[in-house]
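Below are the chains, spelled out letter by letter.
2 protein chains.
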Amino acid sequence: MADLKKLFYPSSIAVVGASRNPKKIGHLILKNLIEYGYKSRIYPVNPAADEVLGLKAYPSVSSIPEPVDVVVVSVPAPKVPEVIEDAGKAGAKFAVIISSGFKEVGNVELEKKVVETARKYGMRVLGPNIFGYVYTPSRINATFGPRDVIPGGVAFITQSGALGIALMGTTIMEGIGVSAIISIGNKADLDDADFLEFFENDPNTNIVLIYLEGITNGRRFVEAASRVTIKKPIVVIKSGRTEAGARAAASHTGSLAGNIAFYETAFKQSGILFAKSVEEAFDWVKALTWNPLPNSDRIVVITNGGGAGVQASDTLADNGLLLQKPPKNLVEEIRKFVPPFASLANPIDLTGMAPTDWYYKAVYAALNDPDVDSIVVLYCHTALTHPVEVADAIMNAVKDSGGLKKPMTVALIGGVEAYEGIKKLTQAKIPAYPTPERAAAAMAAIHRYVKYREYVTKRLSYLGGS
Amino acid sequence: MADLKKLFYPSSIAVVGASRNPKKIGHLILKNLIEYGYKSRIYPVNPAADEVLGLKAYPSVSSIPEPVDVVVVSVPAPKVPEVIEDAGKAGAKFAVIISSGFKEVGNVELEKKVVETARKYGMRVLGPNIFGYVYTPSRINATFGPRDVIPGGVAFITQSGALGIALMGTTIMEGIGVSAIISIGNKADLDDADFLEFFENDPNTNIVLIYLEGITNGRRFVEAASRVTIKKPIVVIKSGRTEAGARAAASHTGSLAGNIAFYETAFKQSGILFAKSVEEAFDWVKALTWNPLPNSDRIVVITNGGGAGVQASDTLADNGLLLQKPPKNLVEEIRKFVPPFASLANPIDLTGMAPTDWYYKAVYAALNDPDVDSIVVLYCHTALTHPVEVADAIMNAVKDSGGLKKPMTVALIGGVEAYEGIKKLTQAKIPAYPTPERAAAAMAAIHRYVKYREYVTKRLSYLGGS
Chain F
35 MADLKKLFYP
45 SSIAVVGASR
55 NPKKIGHLIL
65 KNLIEYGYKS
75 RIYPVNPAAD
85 EVLGLKAYPS
95 VSSIPEPVDV
105 VVVSVPAPKV
115 PEVIEDAGKA
125 GAKFAVIISS
135 GFKEVGNVEL
145 EKKVVETARK
155 YGMRVLGPNI
165 FGYVYTPSRI
175 NATFGPRDVI
185 PGGVAFITQS
195 GALGIALMGT
205 TIMEGIGVSA
215 IISIGNKADL
225 DDADFLEFFE
235 NDPNTNIVLI
245 YLEGITNGRR
255 FVEAASRVTI
265 KKPIVVIKSG
275 RTEAGARAAA
285 SHTGSLAGNI
295 AFYETAFKQS
305 GILFAKSVEE
315 AFDWVKALTW
325 NPLPNSDRIV
335 VITNGGGAGV
345 QASDTLADNG
355 LLLQKPPKNL
365 VEEIRKFVPP
375 FASLANPIDL
385 TGMAPTDWYY
395 KAVYAALNDP
405 DVDSIVVLYC
415 HTALTHPVEV
425 ADAIMNAVKD
435 SGGLKKPMTV
445 ALIGGVEAYE
455 GIKKLTQAKI
465 PAYPTPERAA
475 AAMAAIHRYV
485 KYREYVTKRL
495 SYLGGS
Chain B
35 MADLKKLFYP
45 SSIAVVGASR
55 NPKKIGHLIL
65 KNLIEYGYKS
75 RIYPVNPAAD
85 EVLGLKAYPS
95 VSSIPEPVDV
105 VVVSVPAPKV
115 PEVIEDAGKA
125 GAKFAVIISS
135 GFKEVGNVEL
145 EKKVVETARK
155 YGMRVLGPNI
165 FGYVYTPSRI
175 NATFGPRDVI
185 PGGVAFITQS
195 GALGIALMGT
205 TIMEGIGVSA
215 IISIGNKADL
225 DDADFLEFFE
235 NDPNTNIVLI
245 YLEGITNGRR
255 FVEAASRVTI
265 KKPIVVIKSG
275 RTEAGARAAA
285 SHTGSLAGNI
295 AFYETAFKQS
305 GILFAKSVEE
315 AFDWVKALTW
325 NPLPNSDRIV
335 VITNGGGAGV
345 QASDTLADNG
355 LLLQKPPKNL
365 VEEIRKFVPP
375 FASLANPIDL
385 TGMAPTDWYY
395 KAVYAALNDP
405 DVDSIVVLYC
415 HTALTHPVEV
425 ADAIMNAVKD
435 SGGLKKPMTV
445 ALIGGVEAYE
455 GIKKLTQAKI
465 PAYPTPERAA
475 AAMAAIHRYV
485 KYREYVTKRL
495 SYLGGS
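Top line first, the protein sequences correspond to chains F and B.
Going by the working numbering, the first sequence wraps up at 500, each residue one higher than the last.
Going by the working numbering, the second sequence wraps up at 500, each residue one higher than the last.
Hint data in this document are derived by calculation from the structure and do not stem from the laboratory.
Fair warning: this is a prediction, and the values are worked out from it, not measured in the lab.
Think of the CB as a built atom: it goes at the ideal place given N, C-alpha and C, for glycine as much as any other residue.
It is possible that some hints are incorrect.
[Said to hold, decoys possible] Covered stretches of chain B, as calculated for chain F (at least 3 residues, CB under 8 Å):
| hint | region |
| --- | --- |
| 1 | 123-133 |
| 2 | 167-180 |
| 3 | 276-283 |
Go ahead and model the full structure; you've got the sequences and the hints to work with.
Below, the structure is given as structure tokens:
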């Protein structure tokens, strides 16, 4: 098992290829590193400059006055071995190799040489062919992606470069806080399993999201993932889920994306939540990272539109979750203020005439009913209410209940005003979506994870395991 | 077959229950009608007012100096029969009954009475229990939903009220132009089939979207839908797709949502595109209303990120669409400017270093290659380019090709900047999405529709039919 402590909590980081040209990747990485607020020592390495971005530059890693923990390398591929040799000699612990031009374009030998050189000095390698890495607890943003990633509980490992950078931007827009972002690239040395082992015990991470193209050591991956999912959920987007997709992946990465059935089985066995799309994955991650876990699956759906309620019921049923009768006390509570024709089966329909304070009362009642395990709140924008006021009502119900003690997802359906409401809920870390199906599917992901965990925990205790 | 001409092209519209109180539904409808710009005569009916919103008010429909074509009724349910009686006597042709409190709450007799009264005078009824209707070619917005619906080719029929109004807002936000929005409610008289018959021959409508809870006359619906789908696509969201959802629908509308297998068969037979979610439906509608139809299914995917390309390949494969080798000429054209390691199989990977003008060149080449039937363009936001500039490049390629002569969908993946680009493309009526899977699924819907239509057209010509 790789000890990644010094990668995530380094005392010093060197950036080799830290150009003064603001268009160069080495420059962009150094800039992010400085501006995102990494507090320890940063050393630009550039033989042609005395200083870069206000920091004294060094001609080589070995000329830096201390052995650095992390060396970020952004120089042309053929020059990488000598940089690694020099860094290794100088006692560096991790090489984060941004440079491309290795196995992904057929240069297998060059990649091998780099890893062998690093090994010689006990140095571990992340990459090559990556956009860098982020660890927010240490204020490290050593990427050429967006700067202002939001600190939070999601560790995101991505094998895809361009898509990974784009999704960094998505996390910011969606208000999803991350602990780490790892561009894992060619995985010449460190791979998913190594990082899973770290995140398993990382108190700053409460969920792991992986964009996976392929794994070389399937057994090790399954073992690591199975240990993690006992403690925290893993969501995986598997590139090349279909034969056709796998062929596309093969022509992209040069390595076969592998047997599809194998991955499906592996994911199932290790309790991984398998997302078919980027959107699905992010929807689930938002629900999982901000919510506590439910005790059981007595879900209540609250709506002001029958149609929205039915859509949510359909989606829950697609996921094997059938709505049960809502608890009697809750029904009695809600009966007090809704019109007599309101259907209080599950979904609980507050009717289209529901003002914002009915949302407050209904959500408050559901949050405080011990026989409700989780809540899906749906709101259709009508002429009577403003989505932002409904968002406020929901937030107040949560606040007055002392915070979220059971999971909740919300859908605000409508136009731009609904989006404003979604934004507001998101800022308050209440997962909100623009359609009933997405809110229901995200809740279903939570329940699927809990069911898996219960099953495994029981089996482990039966076997006398942990 | 109902002749709906005067409903959509009325010479005059009366609004019964046109209150001066700005919170009342009758007021909101009158206001929308005036402000959205209906150019013919509008008569507020209100026995307690001389004028409403600057228009002379009348105490009853029969006191209006001409027989009106459309009477919009927003008075309490028990008062509806007398309004209908009076309007019928006065020669009104259509009653649009907004009022609720009929069959949906068990008042079956009251609803029957209303329809019988209308029939007596040859008047047809839309509703009751609806939020109104829109027909943009006549600048009619007789709803209490959002005012500024965008004129365009989508006819939207919705059985759900609150969800329907909310989705009106969604059309505006997503820039989706509509010809009509029909809140169909209890369908006491006019039903989906009547409107399908109108939209079949309506030159202002190029696609029909239906939110369907249930149908009473299945055979008539299938016949009408089958005729429409030869000319233009129909997308249906069926509420209560699952047993559980159907039960929820039953408790909401009081009527069973019906046998699920029946609907699936009916949709398949009539060439309806069956969407599982609101988002899916809107994604498909956007792609179908703005695009021409492809000749065949030689789809080309263009991307700057291998991962995004694989995701799209997977989604296309889910829909039975397998990417073929791209045409030789296109590959040669693109080979001229991309780096040698770029994978030019399908997906065509411009690589992460692609500047905006590579997008221009690649999209232009694909648009003008006779062996390309449709194009899915994917872009991951990287440090090198701005999504809005990429959107511009794509728009310019379309413009310089003389407009879209084959279908295209686009995904711009990233953060807020990507959303800006999506907005810009959308304004130019190029369907754009935030994820590769949604762009691919929307393209797949186009190809599924074309396949169905080809099959039916061949069968019809073989049978000697039209």
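We went through each hint and held it up to the structure:
1. Check result for the region 123-133 of chain B against chain F: violated, 0 residues qualifying (beta carbon to beta carbon below 8 Å, three or more required).
2. For the region 167-180 of chain B, the assignment as covered by chain F holds, since 3 residues bring a beta-carbon within under 8 Å of that chain's beta-carbons and 3 suffice.
3. Evaluation of the coverage hint for the region 276-283 of chain B: fulfilled, as 7 residues show C-beta separations to chain F shorter than 8 Å, against a requirement of three.
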